[in-house]
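Chain residues, written in single-letter form:
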Amino acid sequence: MTVETKTFSIHTKPYCDVINITDQVHNAVRESSMESGIVNVHVAGSTGAISTVEYEPGLVSHDIKNLLEKLIPYNDRYRHHETWHDYNGAGHLRSFLIKTSQVFPFKNQKLILGTWQQIIFIECDEKARSRKIYCMVVGD
Amino acid sequence: MTVETKTFSIHTKPYCDVINITDQVHNAVRESSMESGIVNVHVAGSTGAISTVEYEPGLVSHDIKNLLEKLIPYNDRYRHHETWHDYNGAGHLRSFLIKTSQVFPFKNQKLILGTWQQIIFIECDEKARSRKIYCMVVGD
Amino acid sequence: MTVETKTFSIHTKPYCDVINITDQVHNAVRESSMESGIVNVHVAGSTGAISTVEYEPGLVSHDIKNLLEKLIPYNDRYRHHETWHDYNGAGHLRSFLIKTSQVFPFKNQKLILGTWQQIIFIECDEKARSRKIYCMVVGD
Chain G
1 MTVETKTFSI
11 HTKPYCDVIN
21 ITDQVHNAVR
31 ESSMESGIVN
41 VHVAGSTGAI
51 STVEYEPGLV
61 SHDIKNLLEK
71 LIPYNDRYRH
81 HETWHDYNGA
91 GHLRSFLIKT
101 SQVFPFKNQK
111 LILGTWQQII
121 FIECDEKARS
131 RKIYCMVVGD
Chain A
1 MTVETKTFSI
11 HTKPYCDVIN
21 ITDQVHNAVR
31 ESSMESGIVN
41 VHVAGSTGAI
51 STVEYEPGLV
61 SHDIKNLLEK
71 LIPYNDRYRH
81 HETWHDYNGA
91 GHLRSFLIKT
101 SQVFPFKNQK
111 LILGTWQQII
121 FIECDEKARS
131 RKIYCMVVGD
Chain B
1 MTVETKTFSI
11 HTKPYCDVIN
21 ITDQVHNAVR
31 ESSMESGIVN
41 VHVAGSTGAI
51 STVEYEPGLV
61 SHDIKNLLEK
71 LIPYNDRYRH
81 HETWHDYNGA
91 GHLRSFLIKT
101 SQVFPFKNQK
111 LILGTWQQII
121 FIECDEKARS
131 RKIYCMVVGD
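Chains as they are written, first to last, in our numbering: chain G, 1 to 140; chain A, 1 to 140; chain B, 1 to 140.
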């Protein structure tokens with residue numbers, strides 16, 4: 001039983017860029033010395049988020065954007081803007097709601113995911129960003 | 001310190017069936033060789049979800065359904081439908097928002113939950129499904 | 001590799017009190033015997049929630065409250081109220097949606113968080129509560 005930290009970086013576009021990071025997480029698991037266990041996929045920051053979705057253009061480029069825009073519109077007035085005079089209040093709230101991490105199981109060095117299920121990073125900020133993703137692998 | 005995988009299956013009804021899986025998760029913990037640790041409860045798929053709730057008929061059969069129908073209506077138009085000509089765009093978005101897994105602690109082979117807190121699977125698809133749930137148990 | 005349980009208590013105010021618990025989680029990690037691993041931060045109960053946010057007054061005292069009030073208003077009619085004749089249906093639904101736990105990685109006994117990212121407990125109930133938070137630390 002052991003624990004290993006793997007990291008990778010991605011470059012994002014602003015306003016709800018949805019990036020498929022399944023391969024990078026899979027690599028983190030395969031580069032570890034472990035056969036089975038769990039991996040905590042985590043972004044250190046308050047305007048990014050981690051979840052899963054079927055990675056196809058309809059959901060990725062339209063439906064997720066429309067849903068989040070309905071729930072937490074970018075152009076609303078947020079009190080956060082008065083604190084710092086920046087404009088990413090919606091980004092913070094989206095990250096708060098979806099959350100910055102998720103834990104996935106793996107077996108025989110393979111992530112246990114559905115056929116149509118991919119791990120995604122959601123850029124919630126209104127700026128393009130470089131993001132470092134942490135994969136904390138715990139297992140045998 | 002070790003890791004063990006337990007699975008169980010459930011049969012679901014379409015459109016927001018909410019199923020109490022606390023006993024099955026508890027059994028997974030008790031059938032393991034571990035006294036304390038964490039269990040990652042996970043569905044492999046992109047139209048199911050895991051969370052907790054007080055499992056009583058008001059919340060389970062009405063309030064959760066109404067909330068999700070308000071946030072992500074089944075009969076809305078989703079671009080996902082144009083990709084595959086199926087009609088579960090809302091199911092994918094509900095699974096994306098609530099997420100497909102949650103991690104729970106246990107001690108003395110007992111899940112640490114509130115008195116009124118049950119672990120639930122939420123069927124977000126518009127078809128009845130057979131679902132396999134993974135419990136990855138990590139502990140001592 | 002080992003697992004240790006740490007707990008701490010907080011006192012909350014009703015209706016969306018947002019409390020910064022980063023220091024307490026950090027202490028749980030430092031008081032453990034582990035250098036690196038993951039910590040599952042969890043509330044046993046069905047009307048509390050755990051997430052992260054930049055802990056500044058605009059987001060904490062206004063934007064999060066407004067968002068949750070828009071998505072799940074306290075004064076709506078919930079069927080949960082008919083079951084028990086209490087009035088915390090919104091609290092249960094908020095806890096269901098945001099969830100009662102999140103897992104964080106740590107290294108060199110330090111939580112891996114963004115500069116502006118704090119771990120928060122959200123009181124969703126309509127009563128002031130005393131809450132026990134569990135930190136299940138798993139690592140090396």
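Worth flagging that the hints you see were computed from the coordinates, not collected in a lab. Keep in mind that this is a model prediction, so the values were computed, not measured. Wrong hints could be hidden among the right ones.
Pairs involving identical chains hold if they fit within one copy or between any two copies, as the list cannot separate such chains.
To be verified - Result set (PhoX-like, lysine-lysine): computed pairs, CA atoms no more than 25 Å apart in a straight line:
1. K6 x K107
2. K13 x K70
3. K6 x K70
4. K110 x K127
5. K132 x K110
6. K127 x K107
7. K107 x K65
Consistency of the hints with the structure:
1. K6 x K107: both (18 Å within a copy, 12 Å between copies)
2. K13 x K70: Classified as within; 20 Å inside a copy, 28 Å across copies.
3. K6 x K70: neither (35 Å within a copy, 39 Å between copies)
4. K110 x K127: Answer is neither: 34 Å inside a copy and 28 Å across each miss the 25 Å cutoff.
5. K132 x K110: For K132 and K110, both the intra-copy (22 Å) and inter-copy (17 Å) Cα distances are at most 25 Å.
6. K127 x K107: neither (37 Å within a copy, 29 Å between copies)
7. K107 x K65: neither (33 Å within a copy, 34 Å between copies)
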